[in-house]
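Peer 1: Listed here are the chains, written in short residue letters.
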Amino acid sequence: MRTIRSLVQGLLCLIVVSLAAPAALAAPDDDGRALLEALDVDSYAAKGEAVTAIADSGHPQSRAWLEALLDGKLQRQDDGGRFVVVLANRGRHWPVRDALTDEDLGEMSRRDLDRIGINNALRGQLQNTLALLDLHAPAVSARREAARDLLGEVSPSMVEPLNGLVENEADDEVRRLLTQAIAIQRLEQGDVGAVEALSGSLNTSVRSALSAAARSDDAALAKAATEALAGIEQKQKLNDGIQTLYFGLSLGSVLVLAAIGLAITFGVMGVINMAHGELIMLGAYTTWGMQQLLPGQPGLALVLSIPAGFLVAALAGIVIERSVIQFLKGRPLETLLATFGVSLILQQLVRTLISPLNRTVVSPEWMSGSLMINEGLSLTLNRLFVLGFALLVFAGLMLVMRRTRLGLEVRAVTQNRAMARSMGIRATRVDILTFALGSGVAGLAGVALSQLTNVGPNLGQNYIIDSFMVVVFGGVGNLWGTLVAGLSLGVINQVLEPWAGAVLAKILVLVFIILFIQKRPRGLFPQKGRAAEG
Amino acid sequence: MLASRSWLSRPFRERSTQIFLGVLLAALAVVTLLNLIVPAGHPLHVSTYTVTLLGKYLSFALLAVALDLVWGYLGILSLGHGAFFALGGYAMGMYLMRQIGDRGVYGDPVLPDFMVFLDWDSLPWYWHGFDMAWFAFLMVLLAPGLLALVFGFLAFRSRVTGVYLSIITQALTFALMLAFFRNEMGFGGNNGLTDFKELLGFDLRSDATRLGLFLASGVALALGYVLCRAIVASKLGRVSVACRDAEARTRFIGYRVERVQLFVFVVSAMLAGVAGALYVPQVGIINPGEFSPIFSIEVVLWVALGGRGTLYGAVIGALVVNYAKTVFTGVMPEAWLFALGGLFVVVTVLLPKGVAGLLASLRRRRDDGAVETPAQGASS
Amino acid sequence: MSSHSPAVPKRLFAASLLSLAVSAPALAQEDPIKVGILHSLTGTMAISESTLKDTMLMLIEQQNEQGGLLGRELEPVVVDPASDWPLFAEKARQLLAQDEVDVIFGNWTSVSRKSVLPVVEELDGLLFYPVQYEGEESSENVFYTGAAPNQQAIPAVNYLMNEVGVERWVLAGTDYVYPRTTNKILEAYLKDHGVADDDIMVNYTPFGHSDWQNIVSEIKDFGSQGKKTAVVSTINGDANVPFYRELGNQGIDAADIPVVAFSVGEQELSGIDTAPLVGHLAAWNYFMSVDTDANYDFIDDWIDYTGDEMAVTNDPMEAHYIGFNMWAEAVRKAGTTDVDAVKDAIIGVSVPNLTGGYATMMPNHHITKPVLIGEIQDNGQFSVVWETPSTVAGDAWSDYLPGSRDLISDWRAPMRCGNYNVVEGRCGGGAEVASAE
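Residue numbers (my numbering), protein chains in the order written: chain W, 1 to 534; chain L, 1001 to 1380; chain A, 2001 to 2437.
Rather than coming from a laboratory, the hints here were simulated on the basis of the structure.
A couple of the hints might just be wrong.
As the list claims (entries may be wrong) - Selected chain A positions facing chain L (in silico; Cβ < 10 Å):
(1) Phe2088
(2) Ala2097
(3) Glu2134
(4) Asn2203
(5) Tyr2358
(6) Ile2408
(7) Arg2412
(8) Ala2413
(9) Arg2416
Glycine is no exception: its CB is placed at the ideal position from the N, C-alpha and C atoms.
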């Protein structure tokens, strides 16, 4: 903390200086080298001082060095040689650039380079340094981000310059955050008056500071802080409720996505497809493959994976249908066995052809982090996207089933196969397309899941049982049932989890399903008519 | 319901039972002789390792017979028979744990090792009594039996059938697996129960005990087989076949279908429990993996491969698949799942009646006593 | 047997069908030394274990290129226990009784080791176990080349307490014996160091847990009480990816609440997008980024062997490297592969590790290791931020558990006891095993 603060002070000076006199003349290389030499020490405290020195030096490359240092890419040749910036650090040979002269040095062996290491304390220091610089950034969002980072990081001597910044700041939000940051500092100094400025804020740094103050020896301060905390807790309760609901819906959306394809193949066609999980896996691997094809563009790759994942899984589905399932018409329990065999083969195929190890799927920038509703409630973006995606897929499926020729034919074949055939519907073709549709949707689920969990050979197995539970609970052959079942099971699970624990919550949900099926043997929304006699 | 007093002796008059028992008992005798009499190193010698392996296969075969009783003759595809097997195994495992006494690494006279280092200060109530063999052996039957009774009572009363029943049996075993994984349950969590020392005073490491367990498994299989045949051949068995083929019609005729189903289901669960109890001392460990839904599905495959609705088919299936597993995981580890997966597909698509179906169709011409194989799609 | 294909099935077949076509085994003087490899190649553990099988094959190949051992060639015998715990015991029995291997390298999970242990003791084999584990075990026939809790967990907590100033602790783990025991030890240790009950939160999740929303939000809450908070994670394998993702997305970064993990290494990171993880910690005895020539050579060999330029190395691989070299050294020292001779010869053997020091086999069958704390980098590697000044000897019995505080293990004559109670002055329950031999 000390070093961070001293650095921050130094930096504020730097900012003032650099604002006044833009870009000093390029320092002689010796100075730069000396600055970097000071970094090449073992003690992290000494490194911290060296960082401060660099920040204060006004050297034109100081920011680039600090960023490289933060990324672990500022390195030195083994024999006390040049300082270099590593451009890419995977594999054994890395392209590098001279840190002082910017000269391109080609590739160097990892063996010959020594990294200038940082630890978390130093990383925090560097991040604050860069954040302070960002307080002057033209973009409002960057300034807000920077101001939020300063919460809990302000030292007494920074108050004055920061107050100046607050006055000049145009954005209300930034002003509010900076005021809070200063108030936290005053609170730490034992200023009871600061409590007022902080009460009602849901920010974790604020709560953290108030909690510390509530334990203070100063009775008045402790009392004020405790009261402020109580008010915050009150506000937070509502947020917690909404958050739990969101967690539940998010888990539910995953269940719906995983199960909805099954609702088609199982519910509509009566095929118990145990390879469904592996079709999900194929979708996830498609995302990985796309990202391999389009390195550096994870977002584009993810978007393209949606159709690609659908196609890959649908094709696999067609192959399974033609090679196995068509021979097992009307024997649902035997499709279970055969497709279980298929699932084993697919898993081992992935292990043999790709790798038994998990594959990295990168989240694009716009899916990382969270959407802040208020300071006490943020919704994680990747899950928000998955939730939206699940609803879209569901709506799309409903459209296909209700509004297209295929949907009509599928419903006809489901309800009365012989009659449908005699009306000229090619039942075999409908079977293939239905199975392909269900499989394709599984592929879509895989694309979404690649953003939440491991992409590996076991991916499918983790979801297959849950998927069956959802479909059976919802009522076989009813897409709405699957939606309602998935979302409600998700919410039930997340509501139970805080007091029952993750494992017990899951067991309770399973027991609930078992008992529910006794009460309503055909699920939430039983299918009516002849087709129900499955 | 068991009108005929001679119902238990009836199977012995059946040709298929006679052949089955003959082959089984002969195999037991031959293996025992080759193990005891032929000196080690001789090509015909059967090592104790092999004997234990065969003993494990036999306990699996009993499990398969139990499953075939409900699937082949009652039309209930249980995807949770592993649960009954594992419960029987745990009951046996608890007895074996208590037998360790103060010979555990911490030397605690009562608490098993895993309880000592997880700070249990006293034995949980459900562990009491398992130091007595008769109680433990009773629980081997009662624990799975009671679970089957409660579960079956609820399910059959509300007429849960077909796919729904299969899925909730799967949910049952899955829930139990998760529960037994929890260390708070007091069953050793993921590590399960292991490091057993002796059974009824016999050292589990001695060759003689291993041979004894092998023979016990063989005898249990023989008895279980005869019991199942007796049930199948009785009036009750005929009613259950009627339930399988046309449940609603049987009900309308006036039979209490759910009672028949419940009785057969409970008997089957108990047999599975016995199989589990024989399995545990031979492999030396019981852990929640036995509850995994995948294992239960694999058991279904054994029966399907052998041919369901024949009982001896289940035995053949269990032996063949497990033998193949032993071979493949040793010779071509990577190919094992391909082979197993391929087997699932080929058997269901090309051999819907399994190996026994082939045999039966050959035999039916000259043997009118053979029980008919189930009609296709009977359980759907 | 003419080939190394397991004799079991053949004999089994022969016995049950009374076939006579079996060749008599002809034992020659120049028979190869058989090395059993017992790692899952299929099933859930294949993800971790298959690499170790390849590591062993590489080490054996290298040894053979140098002329084998005692003038005999080494022959690997690979079996697949398929992540199935009872099958581990069966395969161990097959390796020892049928294939008659001289040594086994294998296992990953604790339950698989527990399953194999009685077999190895009964048939008097040698097992080298390369993974960090919960301790509380010492077998005459098993050599533990991975870390015991005092070689990983305790130093990591010390680092957080002293260097980072952590006062509030979340102990999060998968619900099985390794996390349970480690957390028990850590809880006792933390309380000894004045941490209040309220400042410790313990949480267990099932294997492969994928929905971390609630737990991460609880951790966030727990960490906002005005004290520096850290998470000590014994979360296993597959559950880590969704856990770290949720941490990142809920805005917890390493500067706020660092996570120190004991089961996350380079190989696990190779399946994760590491950008949001930068700065989180792991404690191991080896990192691929360690800057020594021995390590660079090992990495080069490994990349050449696998043909994958991006192949990574990890701690259990180093443990096999050490274990294999120790065993080879002991065989040379004893002049035979006889199990009892090797068991006696190996105690005290020192071989170089990959981090620039030496590993020594201690009398309790654990080895000395340095403890390194590394921070995750954006390229899936760790940068070492702290290490113990010297190596630490593995402790079979924890000093922080009431049941094992008084136990020590020493397999040298005359004690030859894995759980000697120093207070009662007697060897515990395992004694009859030792004396029976």
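Peer 1: Now, for every hint given, state plainly whether the structure supports it.
Peer 2: Status of the hints after comparison with the structure:
1. Satisfaction of the interface hint for Phe2088 of chain A is found here, the shortest Cβ-Cβ separation to chain L being roughly 8 Å, below the 10 Å cut-off.
2. Below 10 Å, beta-carbon pairs count as interface contacts, and Ala2097 of chain A has one with chain L at about 4 Å; its hint therefore holds.
3. The criterion of a C-beta within 10 Å of any C-beta in chain L is met by Glu2134 of chain A, whose closest approach is roughly 8 Å, and the hint holds.
4. Given hint, Asn2203 of chain A at the interface with chain L, is violated; its Cβ is 13 Å from that chain's nearest Cβ, farther than 10 Å.
5. With 10 Å as the threshold, the beta carbon of Tyr2358 of chain A stays out of range of chain L, its nearest partner Cβ sitting at about 30 Å, so the hint is violated.
6. The closest approach between the C-beta of Ile2408 of chain A and any C-beta of chain L is roughly 12 Å, which is over the 10 Å cut-off, so the hint fails.
7. Contact between Arg2412 of chain A and chain L, as hinted, is not supported at the beta carbon level, the nearest pair being about 19 Å apart and thus beyond 10 Å.
8. Against a cut-off of 10 Å between C-beta atoms, the interface hint on Ala2413 of chain A is violated, since the closest Cβ of chain L lies about 21 Å away.
9. At a threshold of 10 Å, the smallest CB-CB gap from Arg2416 of chain A to chain L is about 15 Å, leaving the interface hint violated.
In summary, the structure is inconsistent with hints 4, 5, 6, 7, 8 and 9 from the numbered list given earlier, while agreeing with the others.
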